[in-house]
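A.B. asks: Modelling step: build the complete structure from the supplied sequences, incorporating the hints.
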Amino acid sequence: MATRHSRSAARIMMAPAVILLLGWMLVPLTMTLWFSFRKFLPLRGGDLGWAGFENYVRFVSSSSFWPSVQATLMIVGGVLVVTVILGVLLALLLDQPMWGQGMVRVLVIAPFFVMPTVSALVWKNMFMDPVNGVLAHLWKFFGATPVEWLSQASLQSIILIVSWQWLPFATLILLTAVQSLDREQLEAAEMDGAPSLKRFWFIILPHLSRAITVVILIQTIFLLSIFAEIFVTTQGSFGTKTLTYLIFQRVLESQNVGLGSAGGIYAIILANIVALFLMRIVGRSLDA
Amino acid sequence: MARAVTPRRKALNTLIAWAIGLMIFFPILWTILTSFKSEAQAINDPPLFLFFDWTIENYGVVQDRSDYMRYLWNSVIIAGGSTLLGVVVAVPAAWSMAFVPSKRTKDILLWMLSTKMLPAVGVLYPIYLLFIELGLLDTRTGLVIVLMLINLPIIVWMLYTYFKEIPVDILEAARMDGATLRGEILHVLMPMAVPGIASTILLSLILAWNEAFWTLNLTAAKAGPLTAFIASYSSPEGLFFAKLSAASTMAIAPILILGWFSQKQLVRGLTFGAVK
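Each protein sequence line maps, in turn, to chains C and Y.
In this text, residue positions in the first sequence follow the working numbering: the first is 1, and each later residue adds one.
In this text, residue positions in the second sequence follow the working numbering: the first is 289, and each later residue adds one.
Just so you know, the hints here were simulated from the structure itself, not pulled from any lab data.
Just so it is clear, CB atoms sit at the ideal spot from N, CA and C, and this is done for glycine as well.
One should not assume that every hint holds.
Stated by the list, open to error - The calculated label-pair distances, taken between Cβ atoms and stated as ranges, are:
(1) C:L73 to Y:I320: 29 to 37 Å
(2) C:T213 to Y:T343: 33 to 41 Å
(3) Y:G348 to C:L138: 28 to 36 Å
(4) Y:V376 to C:G77: 39 to 47 Å
(5) C:K140 to Y:F339: 39 to 47 Å
(6) C:R58 to Y:M478: 55 to 63 Å
(7) C:R284 to Y:V364: 35 to 43 Å
(8) C:E187 to Y:G348: 52 to 60 Å
(9) Y:K391 to C:Q255: 40 to 48 Å
(10) Y:V376 to C:L33: 29 to 37 Å
(11) C:R280 to Y:E460: 49 to 57 Å
(12) C:G193 to Y:I473: 53 to 61 Å
C.D. replies: Laid out in C-alpha cells, this is it:
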C-alpha cells in the first residue's frame, strides 16, 4: 500500500524531527570540535588563535585527568554492581506471590521519580550529616562513631545516592524480564530435583542476560554524565571529580573553553563506544 | 500468573518484600515527615518518627522566602512546553515510520537514538554561547527548546513502538466499508493511538521535570525551575532540615504521583523497546 505518494508524504512528516535532531547534533558538535583546536579564554582575551592538539594533550596530562577517570570508573562501576545485583534479587522477590504486591512495587520504584537535586540534598543533609543525619543517629545507636560521609567516604556516598536513584530502573526492567520467564521449564527443572541455586544459575540468569545487558548499557550512558548529584554534594572535592564534572569546571568555572572542549570530545568518544554496543542490541530487537 | 504456594511462604514473602520496600522508600517518607516538624524537632536527638507536633508552617515559610510558586510555574511551563512541542514534532515522524516503513527507517531510528547518547557536557559551551547570542539564557523558551530536543528521540521511539502495534489490516477494513481518509484517521486510528500518546506524554513530562544538567547550567533567578530552586538550598540554608524537607516535598510530589501511573510505560520508554 506504500505508493510513491504516501512515500513522499512520509518523508515530509518525518522532516521536522530529522532536521531538528540533525541541527541539535551537528551545530554544537562542530562548535565543540572547532573550540577544541583553539586557544579560547572568553574572560582573558577571547579567541587567541589556533592551538593544534595542544588542548588535547594538556587535558590528558593535567594532574586532575587520571583521578577524574578513576572517579568516573569507580562511580559508574560501583553503581552498576550495586543496582544489577540488588535489581536481580529484588525482581525475583517482587515476582513471588505476596499480599500487596502492587503497593510494594510502588514503594520500590518511587526513588526514580525524585529529581536528582532533591535526592542529593536529602541524602547529604538529612541522612549523611555527621551530627544530625539519620545515619549518624543509627551509628550512635550501635555505639559507633558517626562517619563524615561526604568527606571520609565520598565515593561510597555518591555511589549510595546514585544507586538509590537507579535501583528502581534496574528492578523494573529486570522484573519485566523475569515475568516473561517460561514457568513450565522452571517447574520441570524443579520436579527433576534441581536445587534452587542451580535453577537460578542455569535457567533464570541466562534468561535475564539480555535485560541485564540493556540495564548496564543504558545506565552507563546516563551514569557517565551524572552532574547534579556531585554539584550539590561535594562540588567535585574529596576525589569525586568525575570526567563530566572536570569538563564542566574547565568550561564554565575557569572559562578555559578550548581545554574543556577537548575534554568534551574525549567524553563524546567514550560515550559513543558504549552507545555502539547498545545500538547493536536495540537494532536487533527492531528486526524481531 | 499466580502460582500455588503455602500461606506460610506467602506470608514470609510479604514480610520481606514490605520490609525492603519500606527501606527503599524511607528517604522519601522521612523527607515528607520532616517537612511537618519544627526546625528544633527536625534535629531532635533521638530522631522523632511520628510523635511530634505536626505543623505546616514550613510550607508557608518556603513559599514566602523563595517564591516557590514562580519556580513551580517555570517547571510546569518548561516540562509541559517541551513535551507538547516534542509530541507535535514526533507524532508525524513516528506515524510515518510505523505505517510507511522504508529501508532506511531502522537506520533513522537508530541514528535518532544515537543523538541521545551525546554527553551534554560535551556541548555545554556551544549551547551556552548560542543561548547568549540568541538571548535565550535564563529564559523558559530556551529551556523548552533544549529539553524538547533531548527528549525527542525517546518520544519518537516510544510512539513508534506503540504505533507499530496498531494492526494495519483494520485500516483496509475501514476503507472497504467506505471510510474517508479523514474518517479513517479520526475514528479508527486515533482511538487506538491515544493510549500510547498519553503514556509517552507522561514519561516525557517526568524526564523534563527532573532534568538537572541544562536546567542548572542555563538558568539563573528568572527562569529557574524546581531543580534549580532545590539546588539553591545546597548553601548553608540546607541546614534547616524542616524547610529543606518542605521544599523538597513540594518539588517531588507532583511527579511522584504522575510517575506511579506510568511505571509500566517506563520500561518501554527507557529501553527503546529492547525490553518489553
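A.B. asks: Compare the structure with each hint and give your call.
C.D. replies: Going down the list of hints, with the structure as the test:
1. Look at L73 of chain C against I320 of chain Y: about 35 Å separates their beta carbons, and that is inside 29 to 37 Å.
2. With their beta carbons about 49 Å apart, T213 of chain C and T343 of chain Y fall outside the hinted range of 33 to 41 Å.
3. For the pair G348 of chain Y and L138 of chain C, the beta carbons lie near 32 Å from each other, so the given range of 28 to 36 Å is met.
4. Here the CB-CB span from V376 of chain Y to G77 of chain C is close to 40 Å, well matched to the stated 39 to 47 Å.
5. The hinted window of 39 to 47 Å between K140 of chain C and F339 of chain Y is violated, with their beta carbons roughly 20 Å apart.
6. Checking the proposed 55 to 63 Å range against R58 of chain C and M478 of chain Y shows it holds: the Cβ atoms sit about 57 Å from each other.
7. Between R284 of chain C and V364 of chain Y the Cβ separation comes to about 39 Å, which falls inside the hinted range of 35 to 43 Å.
8. Between E187 of chain C and G348 of chain Y the beta carbons are some 59 Å apart, a value that agrees with the proposed interval 52 to 60 Å.
9. One distance hint, 40 to 48 Å for the beta-carbon pair K391 of chain Y and Q255 of chain C, holds here, with the actual separation near 47 Å.
10. With their beta carbons about 31 Å apart, V376 of chain Y and L33 of chain C fall inside the hinted range of 29 to 37 Å.
11. The given range of 49 to 57 Å is broken by R280 of chain C and E460 of chain Y, whose C-beta atoms sit roughly 35 Å from each other.
12. Checked against the given bound of 53 to 61 Å, the beta carbons of G193 of chain C and I473 of chain Y, roughly 58 Å apart, stay inside it.
Hint violations for this structure: numbers 2, 5, 11, all remaining hints satisfied.
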